[in-house]
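Chemist: Assemble chain B onto chain A, guided by the hints.
Protein chains: 2
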Amino acid sequence: MKDLYRIMRDRRSIRKYKPDPVPAEALTTILSAGGLAPSGANRQPWLYVVVDDPAVKREIRRLSEEADARWNAEQPAGFRSWLRQQDIAENAKPFLEAAPLLLCVFGRTGEPYWLESTWISVSYLLLATEEQGLGTLTYTPGYPGFLNVLLEVPESFSPQAILPLGYADEVPEPKVRPGRELATYVHKNQFR
Amino acid sequence: MKDLYRIMRDRRSIRKYKPDPVPAEALTTILSAGGLAPSGANRQPWLYVVVDDPAVKREIRRLSEEADARWNAEQPAGFRSWLRQQDIAENAKPFLEAAPLLLCVFGRTGEPYWLESTWISVSYLLLATEEQGLGTLTYTPGYPGFLNVLLEVPESFSPQAILPLGYADEVPEPKVRPGRELATYVHKNQFR
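Residue numbers (the numbering used here), protein chains in the order written: chain A, -7 to 184; chain B, -7 to 184.
If we strip away everything but chain A, and leave its shape as in the complex, we get:
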């Protein structure tokens, strides 16, 4: 088994997926790991909807692309150009259909530190996915509200991310970490 730091170092965002299904045991392990996250006042505010129905995945892709196109169109021109440079403005989201599973992650608003806690649970899901030899990607549509309607999730749960889940059909570039030297983000006693 790979150690914690190796898992953290090796994890990359995967955008291309094989059609092979996610083994049930691996899925259970990943979902259980998400539930081990600490949370504000131990309120465990996360909710996951596992989507494997091809028709629902297709609809999630369609509505995500629509939401992203709308979101992108509303950004200032300078920001849109910056987005394109970052390669995050690309509207087509084929991975939402190609991945055998989508994990739709919601957080229950109003719980103490619900957003922070939900994202700790997302990171537990990311690490467990890597540990299981599967790939994923942290994707959030520009306007994710359609997920409540489509999946019939009450409005009190805020959609936070869609994590496609499956075996990688690409070998991502090694992690480029410009500026990840400790001195660039660690200071001692004061910022200066």
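A couple of the hints might just be wrong.
No copy is singled out in the list; a pair is fine if it fits within one copy or between any two copies.
With a cut-off of at most 27 Å between alpha-carbon atoms, the simulated DSS-like pairs for lysine-lysine come out as follows [unchecked claim]:
id	residue 1	residue 2
1	Lys180	Lys10
2	Lys180	Lys8
3	Lys10	Lys(-6)
4	Lys(-6)	Lys8
For the record, the hints were derived by calculation from the structure and aren't laboratory data.
Modeler: Then chain B, alone, in the frame of chain A:
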């Protein structure tokens, strides 16, 4: 070395610390792990200030207790009573002085998904701390803005958490996980 799931299962919030210093190598490992987190557009929006100066720790404790008292006083009576039941309204924060180190975590506002990314990095710090045999706690003062002033961190960085770091001087209760059965937070294709 403990495996990923064991680390996730064993991690508990620690409120009592031994005075023994954190070994430099362990600290470097933990800080490096935080920097391995994925982030929106790879912008790595986190910033850590490591505080080991006793005078600065004392001031952080004083201002945190002040901020929490103010925050608590402003909550509605029903919510305050609920907070007391959850044991999170206790104003005294001795761990902020007792722990040999405080990791003050900031996120650079304005970066894409800066808050989500910063909390993924917090969770990497939590797991690495456990792996190193050290203890920590995710603590956020009610009004954390004083951290910018005290540590001279620009306003563009939003204070997110103070993680005390040190060897545990308590054996926490085994994790109580009411409602952590998968069925309570996992749904399939639809919420129902």
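Chemist: Tell me, please, which holds for Lys10 and Lys(-6) at an alpha-carbon limit of 27 Å: within, between, both or neither?
Modeler: within (23 Å within a copy, 31 Å between copies)
Chemist: Regarding Lys(-6) and Lys8, is the shortest C-alpha distance of 27 Å or less found within a copy, between copies, in both, or in neither?
Modeler: within (23 Å within a copy, 31 Å between copies)
Chemist: I want to check one pair: Lys180 and Lys8. Are their C-alpha atoms no more than 27 Å apart within a copy, between two copies, both, or neither?
Modeler: between (41 Å within a copy, 23 Å between copies)
Chemist: Pop the pair Lys180 and Lys10 into one bin, within, between, both or neither, using alpha-carbon distances up to 27 Å.
Modeler: The answer is between: 21 Å across copies meets 27 Å, while 46 Å in one copy does not.
Going through the hint list in order, the structure satisfies each hint without exception.
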